[in-house]
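S.K.: Residue strings, one per chain:
Number of protein chains: 2
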Amino acid sequence: MQVTQLNWLSAADAGRAIRAGAISCEELAEACLARVREVDDQVQAWAFLDPEHALAQARALDERRKEGAPLGPLHGVPVGIKDIFDTADMPTEDGTVLHAGRTPAEDAAVVARLRAAGAVIMGKTVTTELATYAPGKTRNPHHPEHTPGGSSSGSAAAVAAGMVSLALGSQTNGSVIRPAAFCGVYGFKPTHGFIPRHGVLRQSRTLDQLGVFARTIEDVALACEQLVGYDERDPDTLPPRARIPFLQIATEEPPLPPLLAFVRTPIWDRTEPETREAFEELVAHTGDRIEEFVLPDSTRDALEWHRTIMEAEMAASYVVEYEKGRDKLSDSLRAQIERGRRITALEYQTALARIPQLIEGFARLFERYDAILTPAAAGTAPRGLESTGSPMFCTLWTLAGMPALNMPLMQGANGLPLGVQFVGARGNDARLLRTARWLATRVGAS
Amino acid sequence: MQVTQLNWLSAADAGRAIRAGAISCEELAEACLARVREVDDQVQAWAFLDPEHALAQARALDERRKEGAPLGPLHGVPVGIKDIFDTADMPTEDGTVLHAGRTPAEDAAVVARLRAAGAVIMGKTVTTELATYAPGKTRNPHHPEHTPGGSSSGSAAAVAAGMVSLALGSQTNGSVIRPAAFCGVYGFKPTHGFIPRHGVLRQSRTLDQLGVFARTIEDVALACEQLVGYDERDPDTLPPRARIPFLQIATEEPPLPPLLAFVRTPIWDRTEPETREAFEELVAHTGDRIEEFVLPDSTRDALEWHRTIMEAEMAASYVVEYEKGRDKLSDSLRAQIERGRRITALEYQTALARIPQLIEGFARLFERYDAILTPAAAGTAPRGLESTGSPMFCTLWTLAGMPALNMPLMQGANGLPLGVQFVGARGNDARLLRTARWLATRVGAS
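Going line by line, the protein sequences match chains A and B. Counting from 1, position 339 in the first sequence corresponds to residue 339 in the working numbering; the numbering is continuous, with no gaps. Just so we're on the same page, the working numbering is the position in the second sequence counted from 1, plus 1000.
I should point out that these hints are in silico values taken from the structure, not numbers from a laboratory. Note that the coordinates shown come from a computational prediction; the quantities given were computed from them, not determined experimentally. Backbone N, C-alpha and C define an ideal beta-carbon position, used for all residues, glycine too. Just to be clear, a hint being listed does not mean it is correct.
[Said to hold, decoys possible] Partial chain B-side listing against chain A, Cβ under 8 Å, derived: (1) D1236; (2) P1239; (3) P1240; (4) A1312.
[Claimed, not checked] Taking CB as the label site, the calculated pair distances span: (5) L1259(B) x P235(A): 24 to 34 Å; (6) D1301(B) x R326(A): 22 to 32 Å; (7) P273(A) x D1301(B): 24 to 34 Å; (8) P235(A) x E1106(B): 50 to 60 Å; (9) R1241(B) x A413(A): 51 to 61 Å; (10) R1339(B) x R270(A): 50 to 60 Å; (11) A1242(B) x D236(A): 15 to 25 Å; (12) D236(A) x D1297(B): 46 to 56 Å; (13) E1277(B) x R243(A): 58 to 68 Å; (14) D236(A) x R1342(B): 20 to 30 Å.
Chain A extracted, bound-state conformation (with noise of 0.2 Å):
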C-alpha cells in the first residue's frame, strides 16, 4: 500500500499538515470522500453522510485558519461517529427503525469536544441494533463476506478502510475491541468514567464505556487527549483532576523495559488454534519481558457476572423501545430483555457487587505488570454477515472498567487481520498506550 493519498494520513500528520499550510482541510476531506466513493459501496460503514456538509465543514475551517483563528489538535481532521452519539446537525438513529428520523437537538459531549478541537464531523457510522448484536450493513473491508465486528461496526470499517483516521465507538462488553480486531485498527476503550457519556445512547450505565478508532497509536493518544475528561453531566465521569498528557506519555520511551504479563484467560479452549500458536510466537518474540500469569478460575463466572448487569440494565435503558415496539427489535435483542426482565434486584445487586471485587484483585496484578497481554477474539473475522462474532475475550475487562487496545500485530492464514489484546491498570492509560508502542517497535509493527 502506497501512502500517497491524503486520506491515508493520520490525524496527527494531517493536522500538522493543515496547521502549516501545506495541504488545506477541503483536500482532506475531498481525500476522504473520494475514498468513500471508491469502496464504500462495498464496505458500506456509514448509516449517514452528507459530502456537502463534510465539505461545508472543511471549508468553514479553512476560512478560520485564514482569518488568523487559533487552530485545534484536530483542526480539519475528519471524524467518523458512531451512529449512536447525539448530533445536532445529523440525525442519529441507534441502529432501530424504532428510532428512525430521529434529530438530536444537541451534540453528544464528545462530539462538542471535537468540534471544539477543530475536527470535521464526516459523518455517523454503522451501529448494530441499539448497539447490540443484531448487525449492520458494514462488511468487513478486508473481505466483504466477513463480519467486521460489532457493535462499533462502521467506525472500525471506516478507519481500517482509509474513509477517516479517526471514528468514536463504544464498547458495553467487546463493541471497540473486536470490530478493531476484525477490521485491523487499533481500537482504544479507556477506563470507565475517563470519556464522558452524555448524548450517548444508554444501554448499561454500569458497563456503557467509549472509545476510538486509529491506524496509529500516536492517533489514539492525540484523540484521548481530546475526549477524556470530567463532565458533570455523567455522574459516572471520574472526578475532575490535571489533564492527562496523552501525547506526550504515549510517545516517549518507558523508562524501564515494560513487563507483561500474558494471560490466557479461562475461555483460552475457546480459541482457534492458529490463535494460540499465533500467541505462543508473540510471546517467544518478546522474549524475557513477557511471563505467564494465570487468573483464577473464579474469572470465568465474569461472563455470568456480565450478563446479569448488561441484561437487567437493557431491561430498564429500552423499556420503552420493548413496551411499544418489542415487534421491531430483532429476536436476539427481545430475548435479551426479556431475559433481564426476570433478572431480581437482588441477583443484580450480587454481581455489580463482584466489580470492585475484580479490580481489587487486577490491583495486585498491576504491582509487578505494566500490562497484560491477551487475545482481541477467538480469531480473524468469522465468515458470514449475520453475527458480528463472539465478545466473550473482551468481557473481563469491560466488567472491570480497565483500559484495554487493540493491537493490528498479527495476520490469521486467510489473511485477516489477527488482534492482540492490551489492557492496563485503571487509569493508567496513557502509559498503557506508552508501553504499547513499546511493543509495536518490538515486534517492528510501528
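Given the coordinates of chain A, assemble chain B onto it according to the supplied hints.
M.R.: Quick look at chain B alone, frame taken from chain A:
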C-alpha cells in the same frame, strides 16, 4: 433547668473552656458520666459504655494539653456513636443478636476523624435492629413511656438527656430527623455524599446518609466541619473540594432576610391536628418571609420509590443475616427483606431513575427559596415502646439526598417536643444552618 453542670455545656463552649484551661477533659467526662449514672437507668441510651475507658481517653487528652500538643476543635468533648459505626476499641453490634460480640479492627472513617479532632469516644448508643424498625431498649428522656424515635434512638436520647453534647447517627428514611424531633434536639443529616460512610453498617447504598445530634446549631456546624469531606473508601462521597467553613457560615447573619417555603407535602392529612395548628402559628409568626409552596401530587409516589429502593438494597445488604439467621430477625425486618427479594431489577432501576428527576424538580424551588419548612413527623413521640413512629415525613427529602435539619422549636400539649424540619438545596448545607439560626432567633428559640 439550670445550666450549671458541665455536662450541659455545648460542645463549642466545652471545647473553649478546655482550651482556655478553665476545665479539664477529665472533669467534663466525669460530669457526663455522672449524668449517665443519674438518668440512664431510665433512658437506656447506651449499647456499650465503659466509664473507665472514657476517663482514660480524657486523661490522655489532658496530658497532651499539658505537653503543649496542638489541640483539635473537639479536644476533650465526649461524643456518642450509634452502634452501627465501627470502633476499634469497643464492640459494634448493630442492634442485632446476629452481630453480638462483633469487634471491628478499625474505626469507621468518621470515628477516626472525631478522634483526630480530639473527641472522647464516650460509648456506643442504642440502634434499632440493623438500623431498621424494631426498637432497642431506649426510652424518650421526656417521658419513659414514649418512644425516642429511631433508628438512632440512643444518640438522640443521650444528647437530649445531657449525657453528651454530640452524637452520631444515620438516616436511610427518617432515622436522624425523627428521633431528634421526638427527643427535642437538633438533628442534622447533610447532603448525600457529604459524610463518608466507610466502616458504617450498610443498609442501602443509595439511601444511607450519616448525621449528627446536638443541642445548638453552632454544635451541629462544629461537628460538620470535622465530619464532612471526601473519602475514597466511600465511592459515593462527593469529589474533593475546598473544606466548607460550616462554623463561620452558620454563625454569620444572612446577607438578606431569607425566604422560606412552607411545604405541607402530599401527606399533610397524616399529621395530627395539633401539628397542623402549631405549623399555622409558626408560619403566621414568620410573617412575610414565608410562603406556602404546593408540591406536585406525584411526590406522594416518593414513598413507594423509596420503599422499592430501600427494600431491594436491604435484601442485598442483609443477605447473610437472612440466609443464615432469619429466625433471629424481627418479623417486620424479615418481611421487608422478603419483599425486597421479590423486587425485579427493572422495578429497582425504575425507582432509582426517579431520584435525578426529583432532584431537578427541587433545584427549581431553590431558585426562589432558601429553605423548606415542613413537619419532622406527624406529631410528638407516640406513646408506647413497641414502635419508633413513622418516618414518612422524612422520606421524600432522604430520597432526594437533600440536607435536612430537625429544629426543636415547638411543644405538644403533652409537653413533648414537636419538631420542625428544615430542608435545603443539595450542597448548600452550611447556608441551611445559617438560615435555621436566623429562624430560631426570629421565633425566640435561640
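S.K.: Next, verify each hint and record whether it holds.
M.R.: Right, here's what the structure says about each hint:
no.: 1; hint: D1236; result: violated, 10 Å
no.: 2; hint: P1239; result: holds, 4 Å
no.: 3; hint: P1240; result: holds, 7 Å
no.: 4; hint: A1312; result: holds, 4 Å
no.: 5; hint: L1259(B) x P235(A): 24 to 34 Å; result: holds, 30 Å
no.: 6; hint: D1301(B) x R326(A): 22 to 32 Å; result: holds, 26 Å
no.: 7; hint: P273(A) x D1301(B): 24 to 34 Å; result: violated, 58 Å
no.: 8; hint: P235(A) x E1106(B): 50 to 60 Å; result: violated, 29 Å
no.: 9; hint: R1241(B) x A413(A): 51 to 61 Å; result: holds, 57 Å
no.: 10; hint: R1339(B) x R270(A): 50 to 60 Å; result: violated, 41 Å
no.: 11; hint: A1242(B) x D236(A): 15 to 25 Å; result: holds, 24 Å
no.: 12; hint: D236(A) x D1297(B): 46 to 56 Å; result: violated, 32 Å
no.: 13; hint: E1277(B) x R243(A): 58 to 68 Å; result: holds, 59 Å
no.: 14; hint: D236(A) x R1342(B): 20 to 30 Å; result: holds, 28 Å
The structure is inconsistent with the numbered hints 1, 7, 8, 10 and 12, although it conforms to all the rest.
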